[in-house]
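Enquirer: The lines below spell out each chain.
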Amino acid sequence: MIFSLAVHTPPYTYQGSETALRFASALLDEGHELYRVFFYHDGVYNGNALVVPPDNAPDIPKRWATLAQSHDIDLVVCIAAALKRGILDEGESKRYAKSAADLQDGFNISGLGQLIDAVVVSDRFITFGA
Amino acid sequence: MLVLLRKPPHGSIFGQEALEAVLVAGAFEQDVTLLLMGDGVLNLLGGQQAAVLEHRDLLTTFASLKEYDVHHIVVQESALRQRGLVTTDLAMKVDVLDDQRIAKLIEAQDVVISF
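Protein chains in written order, with this note's numbering: chain A, 228 to 357; chain B, 18 to 132.
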């Protein structure tokens, strides 16, 4: 079965993104396919490469990136949600003349169309909120 | 001062943050009370396994607060009852107060820090 997920929660405040990570691993272990994870609202903070996790806590952006790399999953942060929260890739950083880019490698910045596409393509679409 | 926790464990960071506020208040030799209301009482429930979620074991710290000079831990009686719990379900000894007494407890504080 083809799954896509939406993540609305930032890492380290709510359990939502860690639950989504576990769910993603579990469905892949069961032999299903994960087409896309769409990070929306505060969920875009999951794509912050500058995260420094507290002692013994998981590096959540890196975990997403590693999972995506090993299973060819499209990780998309919503561009509107990301820009206003300062999550920028190199292209957006240059476009808005900012001093740095901080999008974690393995994530892409794109629009809400990618959410709609994921819903259409997938058999199951599941949202992880607070 | 009083630290009020109304959020359950594991779903969010707020139980941990409340616990840290209590510990720091104790370290600053404040007369601090920890008050657990609503779903907050679930933080003290015995048998939790935070390690399964790769989280810090907060329960042990909650249960050993007295060693950090935090001697007043209060639980809302109606919250326990609504959740089908009794004090022996909790991992530590606590004071159980009804809502009227909790209102008085809060009123008596200089500061309430809410989570």
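Mixed in with the good hints, there may be bad ones.
Unchecked claim - Keeping only pairs whose Cα atoms sit at most 30 Å apart, straight-line, the calculated DSSO-like set for lysine-lysine is: (1) 321(A) - 311(A); (2) 121(B) - 24(B); (3) 121(B) - 289(A); (4) 289(A) - 321(A); (5) 24(B) - 311(A); (6) 110(B) - 121(B).
Hints in this document: simulated from the structure, not taken from any laboratory.
Enquirer: Look at each hint and say if it fits the structure.
Expert: Comparing the hints with the structure gives:
1. Between the alpha carbons of residue 321(A) and residue 311(A) the distance comes to roughly 15 Å, so the proposed pair stays at or under 30 Å and holds.
2. The straight-line distance between the Cα atoms of residue 121(B) and residue 24(B) is roughly 22 Å, inside the 30 Å bound, and the hint therefore holds.
3. The straight-line distance between the Cα atoms of residue 121(B) and residue 289(A) is roughly 48 Å, outside the 30 Å bound, and the hint therefore fails.
4. With a C-alpha separation of about 24 Å, the suggested pair residue 289(A) and residue 321(A) falls inside the 30 Å cut-off, and the hint holds.
5. Using a Cα cut-off of 30 Å, the hinted pair residue 24(B) and residue 311(A) holds, with the two alpha carbons roughly 29 Å apart.
6. Proximity of residue 110(B) to residue 121(B) is assessed by CA-CA distance (about 21 Å); at most 30 Å being required, the pair is judged to hold.
When held up to the earlier numbered hints, the structure conflicts with hint 3 and nothing else.
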